[in-house]
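Participant: Protein chains in written order, with the working numbering: chain A, 1 to 255; chain B, 256 to 500.
You may find that some hints are simply not true.
[What the hints assert, rightly or not] Taking lysine-lysine pairs in the PhoX-like style, the calculated list, with each CA pair at most 25 Å apart, reads:
#, chain 1, residue 1, chain 2, residue 2
1, A, LYS245, A, LYS18
2, A, LYS73, B, LYS288
3, A, LYS73, A, LYS133
4, A, LYS115, B, LYS466
5, A, LYS45, B, LYS466
6, A, LYS111, B, LYS288
7, B, LYS288, A, LYS133
8, A, LYS132, A, LYS115
9, A, LYS108, B, LYS275
10, A, LYS171, A, LYS115
11, A, LYS45, B, LYS275
12, A, LYS26, A, LYS222
[As the list claims (entries may be wrong)] Away from chain A, derived, C-beta distances all over 12 Å, residues of chain B:
#, residue
13, LYS257
14, ALA302
15, LYS354
16, LEU375
17, PHE399
18, GLU425
19, PHE480
20, TYR492
None of these hints come from the bench; they were simulated from the model. Where is the CB? At the ideal position from N, CA and C, for every residue including glycine.
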Amino acid sequence: MIEVKDLHKSFGDAHILKGISTTFEKGKTNLIIGQSGSGKTVFLKCLLGLFEYEKGTIAYEGNIMSELTANEKRDLRAQIGMVFQGSALFDSMTIAENVMFPLRMFTKQSKSEMKDRVDFVLKRVNLPDAHKKMPSEASGGMQKRVAIARAIVNNPKYLFCDEPNSGLDPKTAIVIDNLIQEITDEYQITTVINSHDMNSVMEIGEKIIFLKDGYKEWEGSKDTIFKTDNDAVTNFVYSSNLFKKVRRMYIEENQ
Amino acid sequence: MKYLHNIGVYFLMIKDMFRKPTKWSVMRTLILKDIDDLIINSLGIVAFISFFVGGVVAIQTSLNISNPLIPKYLVGFATRQSIILEFAPTFISIIMAGKVGSFITSSIGTMRVTEQIDALEVMGINSLNYLVFPKFIALSLYPFIISIAMFLGVLGGLAACVYGGYGTLEDYIEGIQTDFIPFHIIYAFIKTLVFAFLLATIPSFYGYFMKGGALEVGKASTTSFVWTSVVIILANYFLTSLLLG
Chain A
1 MIEVKDLHKS
11 FGDAHILKGI
21 STTFEKGKTN
31 LIIGQSGSGK
41 TVFLKCLLGL
51 FEYEKGTIAY
61 EGNIMSELTA
71 NEKRDLRAQI
81 GMVFQGSALF
91 DSMTIAENVM
101 FPLRMFTKQS
111 KSEMKDRVDF
121 VLKRVNLPDA
131 HKKMPSEASG
141 GMQKRVAIAR
151 AIVNNPKYLF
161 CDEPNSGLDP
171 KTAIVIDNLI
181 QEITDEYQIT
191 TVINSHDMNS
201 VMEIGEKIIF
211 LKDGYKEWEG
221 SKDTIFKTDN
231 DAVTNFVYSS
241 NLFKKVRRMY
251 IEENQ
Chain B
256 MKYLHNIGVY
266 FLMIKDMFRK
276 PTKWSVMRTL
286 ILKDIDDLII
296 NSLGIVAFIS
306 FFVGGVVAIQ
316 TSLNISNPLI
326 PKYLVGFATR
336 QSIILEFAPT
346 FISIIMAGKV
356 GSFITSSIGT
366 MRVTEQIDAL
376 EVMGINSLNY
386 LVFPKFIALS
396 LYPFIISIAM
406 FLGVLGGLAA
416 CVYGGYGTLE
426 DYIEGIQTDF
436 IPFHIIYAFI
446 KTLVFAFLLA
456 TIPSFYGYFM
466 KGGALEVGKA
476 STTSFVWTSV
486 VIILANYFLT
496 SLLLG
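If we strip away everything but chain B, and leave its shape as in the complex, we get (with noise of 0.2 Å):
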C-alpha cells in the first residue's frame, strides 16, 4: 500500500511542479544555475569513464575473438553497438543516478529540513515549480551528455584497440561503418530522454517528501538512488521491447 500511495504522491507532485511558475526572471537564474550544477559539472566524470570503458569494451572483445573466421573489425563494430544501444544511455544513467541524484535528494532535503521550503511557500511561492521544473529543464540538455558520451566511448575504444596492438585503425574504422542502423542513436536518445525525467523527479520526490535530520538525509539520499536506478532499468527494459523488440 506504501509503494501504491508513493507512486500517487509521486504522480501528483509531477503535476503540481507545473502549475503556478514562478515569475521568468528568477526561473532563468534558477535554469542556469542547474544546467551548471547538473549537465556542465558532470562532463568531467562522465568523459573519463566513458573513455575508459569505450577501452575496456575494445579490450575485452579482441581478447574473446580467437576463431579466425570471424572478421577484425568486429571490435569496432561490438565497441560501437554496445556503447550506443547500452554503455552510454543506461549505464551512464545510473552513474548520474549516483552523482546527479544524490545532489538533487541531498539539497532539496536539507531545505526541507531546515525549512526552507515552508518559507518558499509562507511567501505564496509554489516550492516544486521552483525547486524541480528548473532541475527538469536542466536535464533536458542530457541528451547533449550522452552524445559525448557515444562519442568517447567509441574514441576510447579505438584508442585501446589500436595502441594496444590488438587491431588495426583500419579494422576499427570499418567496424564502426559496418550495418549501422541510424535508428539506433534515435533509440538511444528516446531512452536518454525519459531516463533525464526519472533523474529529475525521482531525486527530487525522495528530497520534497523527507522527513527528519540530517541523517535522514543521506538515508533519502541512498533510497533515491536505488529507486531511480531500478526505475531506470525497468523503464530501459520496456524501452528496448517496445522500440527494437
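Chain A on its own, in the form it takes in the complex (with noise of 0.2 Å):
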C-alpha cells in the first residue's frame, strides 16, 4: 500500500501539487485522471521518488520514503516497475535485452535462470517470439507489451503506468488495459496509472482519483463514477456525446 498525506510541490512559483492525500491498495488498479496540466505526471513522478517535494509524505508499507537512507530507496526502487508513455525500451538492446535488464542489474540469477524467466513474462504478455526483435521492430503495441513485461519481470509489488494507453488503436488498448489488471490481480501488485483514457477509466478503474488545478476534487471507483454529481467530473469524464449516453443508460438501468 501507498499512502501520501498531504503532498505539495512546486516549479518556482508555479505551485502544482497542493496538499493530495490519498491512498493506493495493494492488488487494485488506481486511475489518476484530470485534464492536462492538473498535476498528474508530476504527482506520478513525486511517488516514483523523481521529483523531491516540499511537503507531505509518501509511505510506501508505512516507510516514508523522504527518510530512507540511499540503500533503502535503491531497494524500494527495485521494487517498482514502470510503464512510461513512450514505453522507454532501450533501443540499442533486443527485447529480450531489455525485458533481462532489471534482472542482469539487480539479481545474482544465472543466465539460464534469467532467461527461463524472460521466457515466461514474454509469454505472460503474448510476445513468446520476440527475442530477438529490437524495439524499433516492434509496433506501439508490441513496445507496451515489452514495456509491461520489462517492469513485472523482477516481481515488483509496485507497478506505475503513464499514459499506458496513449497512440494505440482502441483494440489494443484494451488489450493492455485488461493485460495490466490481470498483472494486478495475479501478483497482487499495486499499481498506479496516469490516464486520459475514459475507456481505461470504465473497464479498470477500482479505485479512481480525478485532479484539477493541483487539488483532489474527487476520488472513487468505476462504479461511483457514473452516480457523482460532482460538475468538474462529469464534465471531464462525459465530455464526449457517447459517454454521456452510456452514463444515460447506467442511470436509468439503475434506477
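Reassemble the complex: the two chains are provided individually, in unrelated frames, and hints are given to aid placement.
Facilitator: What follows is the structure in C-alpha cells.
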C-alpha cells in the first residue's frame, strides 16, 4: 500500500500539487485522471521519487520515502516497475535484453535462470517469439507489452504506468488495460495508472482519483463515477456524447 | 549567470558520475561497446586525415623554403614538430569533437527525450555512472588514436616529400631525427588525456541535460561541438603555457 499525505510540489512560483492525500491499495488498479496541466505527471514522478517535494509524505508500506537512506531507496526502487508513455525501451538492446535488464542489474541469477524468467514474462504478455527483435522493429502495442514485461520481470510490488494507452488503437488499448489488470490481480501488485483514456476509467478503475488544478477534486471507483454529481468530474469524464449516453443508460438501468 | 550555473552543474555531473557504481558485469559490456563506438570506429577517419594533412604540411613547408641557406632536412623537422605538438593532439581532438562528441550528445539526448534515462533512474540506477563513466574509461584509450595520428602524419609527410619530388628520403629522415625532445611527446600525451576527458564529459553534459524533442537533440549536438572545441582550444593554450612556456 502507498499512502500519500498533504503532498505539495512547486516549480519556482508555480504551485503544482496543493496538498494531495490518498492511498493506493495492494492488488488494486488505481487510476489518476484529470485534464492536461492538472498535475498528474508531477504527482506520478513524486510517487516514483523522480521529483523532490516540499511538503507532505509518501509512505510505501509505512516507510516514509523522504526518510529512507540511499540504500533503502535503492531497495525500494528495485520493487517498482514502471511503464512509460513512450515505452522507454533501450533501443540499443533486443527485446529479450530489455526485459532481462532489471534481472542483470539487481539479481545474481544465472544466465539460464534469467533466460527462463524472460521467456515466462514474454509469454505472459503474449510475445513468445519476439526475443530477437529490436524495439524499432516492434509495433506500438508490442512495445507497450515489452515495457510491461520489463516492468514485471523482477516481481515488483508496485507498478506505475504513465498513459499506457496513448498512441494505441482502441482494440490494442483494451488488450493492454486487461493485461495490466490481470497482472495486478495475479501478483497482487499495487498498480497506479496515469490516464486520459475514459475506456480505461470505465474498464479497470478500481480506484479513481480526479485531479484538478493541483487539488484532489474527487475520489471513487468505476461504479461510483457514474453516479457522481461533481460537475468537474462529469464535465471531464462525460465530455463526449457517447459517454453522456452511456452514463444516462447506466443511471436509467439502475433506477 | 547561466554560464556559471552550467559550469556548476557540469562539475556536479562529474562528481555524480563516480557515485553509486553500476554492477561490474554490466559496466564491462558498456565499456567494451564504447571502446568500439568511440575509439575503434574513429581509427579510419583519423588515419585518413592524419596521413594527408602530414603530406600537406610537408609540401607547404617545402614550397616556402626558397632560401638555399636553409637546410633541406627542415621539411622533415617542421612536419614532425607540427604533427606531434599541435596537429595530432589538438586538431584531431577538434575533429573528434565533431565525430565522437556529436555521437555522444545525440545518443544520450535521444535517451533523455525518449524517457530511457528516466527509466534507468526509476530502476534505481545512477544514470550518469551508467551512461557517462564507460565513455570516460573508453576515451582514456584516446592517446592510442593520437599515437597513430602522429605516426601516419609523419609518414604522410615522408610520402608527399619523397614521391612528390620535394626532397630526398635521407633529408626527411634526418629532419625528423634532428633536435628531437622526448618531452614533446609527453607534453602531447598530457594534452591528449585532458582533451579525452573533455571529449567524454562536455558532450555528455549537453546530451544529459537537454530538454525538448528531436529538434533540440540536433541543437544540443551543435552546441556541444562548439563548446567542446572552445574548451579544447582554451585548455590547449593554458597547457602549452604551463608545460612549454
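Participant: Run every hint past the structure and note whether it holds.
Facilitator: Going through the hints against the structure:
Annotation: proposed proximity of LYS245 of chain A to LYS18 of chain A is violated, straight-line Cα distance about 34 Å (limit 25 Å). Restraint check for LYS73 of chain A and LYS288 of chain B: the C-alpha separation of about 30 Å exceeds 25 Å, so the hint is violated. Restraint check for LYS73 of chain A and LYS133 of chain A: the C-alpha separation of about 33 Å exceeds 25 Å, so the hint is violated. Restraint check for LYS115 of chain A and LYS466 of chain B: not satisfied, since their Cα atoms lie roughly 36 Å apart, outside the 25 Å limit.
For the given pair, LYS45 of chain A sits about 17 Å from LYS466 of chain B by alpha-carbon distance, which is consistent with the 25 Å threshold. As the CA atoms of LYS111 of chain A and LYS288 of chain B are separated by approximately 20 Å, the hinted pair is consistent with the 25 Å bound. With a CA separation close to 20 Å, the supplied pair LYS288 of chain B and LYS133 of chain A stays within the 25 Å bound. With a C-alpha separation of about 13 Å, the suggested pairing of LYS132 of chain A with LYS115 of chain A holds against the 25 Å cut-off.
As the CA atoms of LYS108 of chain A and LYS275 of chain B are separated by approximately 18 Å, the hinted pair is consistent with the 25 Å bound. Under the criterion of a C-alpha separation no larger than 25 Å, the hint pairing LYS171 of chain A with LYS115 of chain A is inconsistent with the structure, at around 30 Å. Proposed proximity of LYS45 of chain A and LYS275 of chain B is supported: the alpha carbons are some 21 Å apart, at most 25 Å. Taking the CA atoms of LYS26 of chain A and LYS222 of chain A, the gap is about 17 Å. The hint holds against a cut of 25 Å.
The claim that LYS257 of chain B lies off the interface holds: its Cβ sits roughly 15 Å from the closest Cβ of chain A, which is beyond the 12 Å cut-off. Non-interface status of ALA302 of chain B relative to chain A is upheld: no Cβ of that chain comes within 12 Å, the nearest being about 26 Å off. With a least CB separation of 19 Å from chain A, LYS354 of chain B remains clear of the 12 Å interface cut-off, as annotated. Some Cβ of chain A comes within 12 Å of the Cβ of LEU375 of chain B; the nearest lies about 9 Å off, and the non-interface call is violated.
The beta carbon of PHE399 of chain B is kept farther than 12 Å from every beta carbon of chain A, the shortest such distance being approximately 24 Å. Remark: the non-interface label on GLU425 of chain B is consistent with the geometry, its nearest Cβ contact in chain A lying 52 Å away (cut-off 12 Å). Even its closest Cβ contact with chain A, about 22 Å, leaves PHE480 of chain B beyond 12 Å, as expected for a residue assigned away from the interface. Distance check for TYR492 of chain B against chain A: the nearest CB is about 37 Å away, which clears 12 Å, and the non-interface claim stands.
Going through the hint list in order, the structure does not satisfy hints 1, 2, 3, 4, 10 and 16.
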